[in-house]
Every structure is written in structure tokens, then in C-alpha cells.
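Novice: Each chain, letter by letter, is given below.
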Amino acid sequence: MTCNASFIYSDKLLNYHFHSDHPFNQKRVQLTKELLQAAHLLDSAEIMEPRMATDDELALFHDHAYIEAIKQASRGKLSDVDGVEFGLGTEDTPTFNGMHEASAYLVGGTLTAVDQVLQERVDHSLNLGGGLHHGFKRKASGFCIYNDGAVAIKYIREKYNLKVLYIDTDAHHGDGVQWAFYDDPNVCTFSIHETGRYLFPGTGNVNERGIKEGLGYSFNLPIDAFTQDESFLSSYESAFKEIVDFFNPDIILTQNGADAHYLDPLTHLCTSMKVYERIPQLAHELAHKYCEGKWVATGGGGYDIWRVVPRAWAQIWSIMKCNEPMRGSIPSLWLDKWQTESNQALPIYWHDPPEDLPVIPREAEINEKNAKTLSNTLKYTKCNQNG
Amino acid sequence: MLVEQIMKTDVVTLPPTATIAEALKLLQKHRIRHIPIVNEDNNVVGIVSDRDVRDASPSIFEKEATNSELKNELKTIMSHPVVTIHPLDFVEEIARIFYDEEFASLPVVKNNKLIGIVTEKDMLYTLIQLTGTHVQSSHIEIKVPHRPGILPEVASIFGERKVNIVSVLIYPYNDDPNFKVLVFRIQTINPTPVIEDLRKAGYELLWPHNILEPKL
Chain A
2 MTCNASFIYS
12 DKLLNYHFHS
22 DHPFNQKRVQ
32 LTKELLQAAH
42 LLDSAEIMEP
52 RMATDDELAL
62 FHDHAYIEAI
72 KQASRGKLSD
82 VDGVEFGLGT
92 EDTPTFNGMH
102 EASAYLVGGT
112 LTAVDQVLQE
122 RVDHSLNLGG
132 GLHHGFKRKA
142 SGFCIYNDGA
152 VAIKYIREKY
162 NLKVLYIDTD
172 AHHGDGVQWA
182 FYDDPNVCTF
192 SIHETGRYLF
202 PGTGNVNERG
212 IKEGLGYSFN
222 LPIDAFTQDE
232 SFLSSYESAF
242 KEIVDFFNPD
252 IILTQNGADA
262 HYLDPLTHLC
272 TSMKVYERIP
282 QLAHELAHKY
292 CEGKWVATGG
302 GGYDIWRVVP
312 RAWAQIWSIM
322 KCNEPMRGSI
332 PSLWLDKWQT
342 ESNQALPIYW
352 HDPPEDLPVI
362 PREAEINEKN
372 AKTLSNTLKY
382 TKCNQNG
Chain B
11 MLVEQIMKTD
21 VVTLPPTATI
31 AEALKLLQKH
41 RIRHIPIVNE
51 DNNVVGIVSD
61 RDVRDASPSI
71 FEKEATNSEL
81 KNELKTIMSH
91 PVVTIHPLDF
101 VEEIARIFYD
111 EEFASLPVVK
121 NNKLIGIVTE
131 KDMLYTLIQL
141 TGTHVQSSHI
151 EIKVPHRPGI
161 LPEVASIFGE
171 RKVNIVSVLI
181 YPYNDDPNFK
191 VLVFRIQTIN
201 PTPVIEDLRK
211 AGYELLWPHN
221 ILEPKL
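Line by line, the protein sequences give chains A and B.
Quick note, the first sequence lines up with residues 2 to 388 if you use the numbering used here.
Quick note, the second sequence lines up with residues 11 to 226 if you use the numbering used here.
Bear in mind the hints are in silico, worked out from the structure with no lab data behind them.
Possibly wrong hints are sitting among the right ones.
As the list claims (entries may be wrong) - Straight-line Cα separation of at most 20 Å, EDC-like style, residue types lysine to aspartate or glutamate; simulated pairs:
#, chain 1, residue 1, chain 2, residue 2
1, B, K153, B, D186
2, B, K172, B, D207
3, B, K131, A, E209
4, A, K160, A, E231
5, A, K138, A, E159
6, B, K153, B, E102
7, A, K140, A, D83
8, B, K172, A, E92
9, B, K131, B, D60
10, A, K373, A, E243
11, B, K172, A, D83
12, A, K370, A, E231
13, B, K131, B, E170
14, B, K172, A, D22
15, A, K242, A, E286
16, A, K140, A, E231
17, B, K172, A, D81
18, B, K172, A, E86
What the hints assert, rightly or not - Pulled from the structure, derived: some chain B residues nowhere near chain A, Cβ distances all over 10 Å:
#, residue
19, Q139
20, K172
21, R195
Here the structure is a predicted model, which is why all the values come from computation and not from measurement.
C-beta atoms are modelled at their ideal positions from N, C-alpha and C, and glycine is treated no differently.
My request is simple: use the sequences and hints to build the entire structure.
Specialist: Next up, the structure:
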């Protein structure tokens, strides 16, 4: 099966750049795009320019005062003291020149992807520059300024009035998006992430299930540090399938952080590339089964920008377009171009060789605990089905 | 932290002459477990818990119950005298009362008048705030020798990296009196630079630990 898909890209997406030592580095998007081109998987006709989100669009989720503060900071006119209230000027989200425009392009990219899919020009659309799920209504945090996922869902609700299922596979809890729709029964959020016991932001407990009318439409699957492929995938598949069946959405929006990999420096999960082949496959399959294919995917976290993110993200596109992950060797054209810039040896295969994977002594215990958490996450969807 | 900072001021009360049925209704309506009983001057003269009310209600196994018990006045079942606290008491002190006395609700009284209530649940929420887990943060655990000056030494490393500390807890290290465990929650998604600095300074991290390289 092949599908029509569009890949949102412009060099403008790379302007979201805090400073050269900052772990959030959008070079990942460029690396992924070039990897796909080297693999002859991405035609120029499939690439769509993102537009910049308007202030009114940003204000679908963000406060005007916050947008104004970002604009001031963007021109170097926001003092440190005034920035504190908005989470600006911290180590995580320092200010930089042009930050408003750069951030508004990321949001615009996700809105472009949404329009592409909902105006039925394509079945699926991918904006790897987006996925900034920690952005709050009036606060920047966790490397995120404007929350493109939250703005895009508000946009879908207002403009198209559809039921949205948001799936977040970033290793960090998708808190900004969850809280944005916590009382909304037309938006269902599901985040699988490393438990917040140690990891930022700390939330994402199973018992965060929504409030008021939204009660029962927020799902969290916090898995243990050092979780590996098998347990990650079996819990994730069961949860996703059960939730999509329970909610029956019109469109699926996925946030595809690539930081649950064992090489990622910021988290403690230990998955391999196998997880990043399966995650888009499942989204693809279920979007066709429940939403006539309507699937918008974004990027997200991912801090090993050389060895992990380009491969992981390229697989999303491969699945969108061909329903098959890439296998075998990484194109030498790409390796030759980038090896000199990377201080790590670049991977030569699409998959991770099994002998490279870490051995986790507590594996059985971790898997047992994750299985227990899964049944807790799904406790009430099961009740509903049994009447 | 003071009681007045955590107490609820919107208190559901009843007079001693009210009936058990009224108490039952209020307990269910407000989903609460305790009702302070006050006289016309708002002095606390007793307290009634959901269990007191249940004990005084007819058994669900008695099919022929007339529910006449429910018409009894609360003064026949209320507990008194009542242990009350003052708005300027410390939260630590009342935690001790909850633990020692094994009850779950304390009326707050000032000039002999009821002005608030603190329940075990309020107490637990305060504990959550003390741990810092209610705000976005990352967790770091450090084993340190138990000696004067160690806390500022460690804390200065966070300060140099401009990382905001959300909470600090100091735990005993197993049963060894020579060490303590410092638990910091810090307001960043990227604790890596701080972790490197701590390791370089020779501190032993209990989390994240070293079992898996290159993962931190």
C-alpha cells in the first residue's frame, strides 16, 4: 500500500535555535530530510513549505500577554526580570533574537500539515519541526515556547469540529497538551513516557484522567526507567488499540519524540530503533482503520541528533509513504557528508545491531511493573466495554 | 508553614440539636467525613464523623428498620471534648497530632470561635508540595557525608549552573549516621550539566546512577 503524504520543510524551521551548546537542536530536521533524500524516499513534489502561524492562531491556546512577551524577547527587549513570569531566560528556554518568528513557523508547520490532511490533499502529513509539548498557555518550559500540538488541536476543533486523538510517545510526559484539553471530551490525549519519579516534568501519573466532562479522556502510561523494546511495545500497542477503539476519533495527531532510545542522553529508557519502526506503523494502521487515514505527525524531543533522531524520524516518513520501514544500510552519501561533523561514529544500519543493546539486570521486574501500570491505565475503558 | 496557610475556611457545621439524618445528608452532599458541632456562639462543642453517624444508623441487614434512630439529636453521638488547633500552629505539630491521636480532622479555633478545618488530606497535599513533585522538575539524589556545610557546598553547584531548586529533602542513609541523602528537585528538563559538575566535584549520585553507560 502506498499513500499520499506531505513532508513539511523549510530552512526557516532551523531558526528555532537557542544557542550552540543547547541540547534542543533542529539540525535533526535537516539531517532527517537529507537522509530521506539520500535514500531516494523524498521527492521535491512531496515537500510543503510551512506557513507562519498568525497571532490569532497562536492565541487559540496562548495568552496574548505571553505572545507579546515572546515578541519583546524576540527583539531583545524583554528584561530578565520580566521574563521570569513567562519561563523565559532560563537555561532550558533562553531568549534569542527572532524567537517569535522561529517559534511561530514551527506552529505554522503543524497547521499546514493539518490543513493538508483535512482539505484532503494528502492522507498523512509530517512536520518534524513541531511536537513542542511542554509549552503552556503563558509559560515556556522544557525547550518549548509555543505549543504547536495544542494550537493545532484547538484549530482542528474550531475550524473542522472533529474529534482528535493525540498520541505522545516522547520519553517525557506530554503535559502541556494534556492540561490544555484536560476538561474536553472531544480531545483524547494519551502519553507513554518514562515515569516522572526522576524525569522532567514529573507528572503523567496513571490517575491523571481528566476533569469535568473531560474525565476519562486523558490517558497516561508511565513506564519504568530502563524499559526496553519488548515491554515498551507490548504496553504501547495494547493501550493505543484500546484507546482508539474507546474514543473513535476523526483524526490522529502523533507527537514523535525520539528520546526513549538507549543512546539518548536526557532520559533513562532503553529502547532501540525497533520501537521507532513500530510506532509509526501502528499509527498508520489505526488511522486507516478509524479515521480514513487522517494522520498528522510531528517531531518532539530527541537529543542524540546524529545516531538516533534522523533514523527514527525517517522511518515515520517511510511508513507514511510506503507502509514499510527502511531496512539494511544507511546511504553512504549521507554518511560521507555528515560523519566529519559528528563526533560520534554514525550508524551504518537502519536497525540497531542486537549486540549493541544494553543488558538490563532488572528486566523481568521492570516488565512486570509496566504490565501492572498498563492494566491500571486501561481500567475504565474496559469497564465501559463490558457495559 | 502555619495552619492558617493550609486550612479550609469554608466549614460545614451543625448545631448539637440537629438530627443524625441531617448530618448524614450533609456528609453525602459535601463528600466530607467530619462535621464540627457548634453552639450559637460558634464555639466547637463536639465533632461527628461519618463513622459515628454510620454506627448510629440502622443496619442495612435490618429489612424492617423504621429509621427512628436517625431522628436522634447529634449531641447523643458527638465526640467531645474536641482536640482543636490554632491558626498559628505549625503544620509539623499537627502532623504529630494526626499520627499520635489517629484522627483525621482538626477544627481550627481562634478566640474560642471556629474559623477553619484541617484534614489529613490537606496535610498530604502539603507534603506533596514539600516534595516539589507538583511542579515541572527533574529529580537528583546525592549521598553525602553528614557534616556541617555540606548542603551549601552541594547547592552552590546548582547555583553556578543557574538551575532553580524546587525542593530539597534530607533523608537518613539507611542506618548509617555518617551519611545523609540529599534529594533535589530542580526546574530543568536538562540536568546533564549539573550532574556532570556534581560527579566532577566527587559526589556520589544515587540517581541517576552509573549502571549504564553512556546513559547517565
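Novice: Hint check: K140(A) vs D83(A), CA-CA at most 20 Å. Holds or violated?
Specialist: Cα-Cα ~12 Å, so holds.
Novice: Given the hinted pair K140(A) and E231(A), is their alpha-carbon gap at most 20 Å?
Specialist: violated, 36 Å
Novice: Check whether the Cα positions of K370(A) and E231(A) lie no farther apart than 20 Å.
Specialist: holds, 13 Å
Novice: For R195(B), is the shortest beta carbon distance to chain A beyond 10 Å?
Specialist: At roughly 7 Å from the nearest Cβ of chain A, R195(B) sits no farther out than 10 Å, so the non-interface label is violated.
Novice: With a cut-off of 20 Å on the C-alpha distance, tell me whether K131(B) and E209(A) pass.
Specialist: Roughly 18 Å between the alpha carbons, so the hint for K131(B) and E209(A) holds.
Novice: Would you check the hint for K172(B) and D83(A), treating anything up to 20 Å between C-alpha atoms as holding?
Specialist: holds, 17 Å
Novice: Are K153(B) and D186(B) close enough, with their CA atoms no more than 20 Å apart?
Specialist: Answer holds: K153(B) to D186(B) is near 11 Å, not above 20 Å.
Novice: Between K373(A) and E243(A), does the CA-CA distance stay at or below 20 Å?
Specialist: With Cα atoms ~16 Å apart, K373(A) and E243(A) stay inside 20 Å; holds.
Novice: Does K160(A) pair with E231(A) here, judged by a C-alpha cut-off of 20 Å?
Specialist: Measuring from Cα to Cα gives roughly 40 Å; hence the hint is violated.
Novice: K131(B) and D60(B) were given as a pair; does the straight-line alpha-carbon distance stay at or below 20 Å?
Specialist: OK: K131(B) and D60(B) at ~15 Å, within 20 Å.
Novice: Between K138(A) and E159(A), does the CA-CA distance stay at or below 20 Å?
Specialist: Holds, at about 17 Å.
Novice: For the pair supplied as a hint, K153(B) and E102(B), confirm whether the alpha-carbon distance does not exceed 20 Å.
Specialist: violated, 25 Å
In this structure, the earlier hints numbered 4, 6, 13, 16, 20, 21 are contradicted, and the remaining ones agree with it.
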